[in-house]
Amino acid sequence: DVKVTQSSRYLVKRTGEKVFLECVQDMDHENMFWYRQDPGLGLRLIYFSYDVKMKEKGDIPEGYSVSREKKERFSLILESASTNQTSMYLCASSRNTGMVGRETQYFGPGTRLLVL
Amino acid sequence: KQEVTQIPAALSVPEGENLVLNCSFTDSAIYNLQWFRQDPGKGLTSLLLIQSSQREQTSGRLNASLDKSSGRSTLYIAASQPGDSATYLCAVGGRGSARQLTFGSGTQLTVLP
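Protein chains in written order, with this note's numbering: chain A, 65 to 180; chain B, 5 to 117.
Treat the hints as calculated values from the structure; they're not laboratory data.
In silico PhoX-like links for lysine-lysine, alpha-carbon gap of 25 Å or less:
{"#": "1", "chain 1": "A", "residue 1": "Lys135", "chain 2": "A", "residue 2": "Lys82"}
{"#": "2", "chain 1": "A", "residue 1": "Lys135", "chain 2": "A", "residue 2": "Lys119"}
{"#": "3", "chain 1": "A", "residue 1": "Lys134", "chain 2": "A", "residue 2": "Lys67"}
{"#": "4", "chain 1": "B", "residue 1": "Lys5", "chain 2": "A", "residue 2": "Lys119"}
{"#": "5", "chain 1": "A", "residue 1": "Lys119", "chain 2": "A", "residue 2": "Lys134"}
{"#": "6", "chain 1": "A", "residue 1": "Lys117", "chain 2": "A", "residue 2": "Lys135"}
{"#": "7", "chain 1": "A", "residue 1": "Lys67", "chain 2": "A", "residue 2": "Lys135"}
{"#": "8", "chain 1": "A", "residue 1": "Lys67", "chain 2": "B", "residue 2": "Lys46"}
{"#": "9", "chain 1": "B", "residue 1": "Lys5", "chain 2": "B", "residue 2": "Lys72"}
{"#": "10", "chain 1": "B", "residue 1": "Lys5", "chain 2": "A", "residue 2": "Lys121"}
{"#": "11", "chain 1": "A", "residue 1": "Lys77", "chain 2": "B", "residue 2": "Lys46"}
{"#": "12", "chain 1": "A", "residue 1": "Lys135", "chain 2": "A", "residue 2": "Lys121"}
Small disclaimer: the values here were computed from a predicted structure and weren't measured.
Please model the entire structure based on the sequences and the hints provided.
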């Protein structure tokens, strides 16, 4: 069964702290993604990775960085947390099937981050 | 830049009713379109995936259609049940290196017993 896990369900941090959000998938997927979800704005892509050590910016990368040292793990880093980064963070993964259009993304349960 | 719109933002229906959720997108150069379900405070669950060459997909009481030329998709739910209450998200798969998805902001569905 497909599984994407995120290190924390709820997290409370202070402004200026460095925050690490971890995501692990057990499906040997090539692609991994980090989104944030805010009311009325839907899911917005922060960063994604299509291979180990490869990363690309999504739509809203400012204030974030990522790390993918191993295929199964994709970390999102908030270098200096700010209150406007309070949000729900969702990780996802997908396989490069070679069959264009058939890639489904599998999501983790999300981490709700509150920055005070 | 791809934009995805879902209307209405919220919908409330009595149990047993058939209903349609709408999704529109601005760029027809897509690889696929997916419908997801999200329960409160949870992650997303994929419901249906329609490849760009397909017109529709069905799974149980759910039927999703895709009209690329007009930039529209619909999700039809037959004989709705209270357990169908959730937020339904439409996402369009683009041509990026990892087939990134662009999401709509969702329709919050409440099915009243």
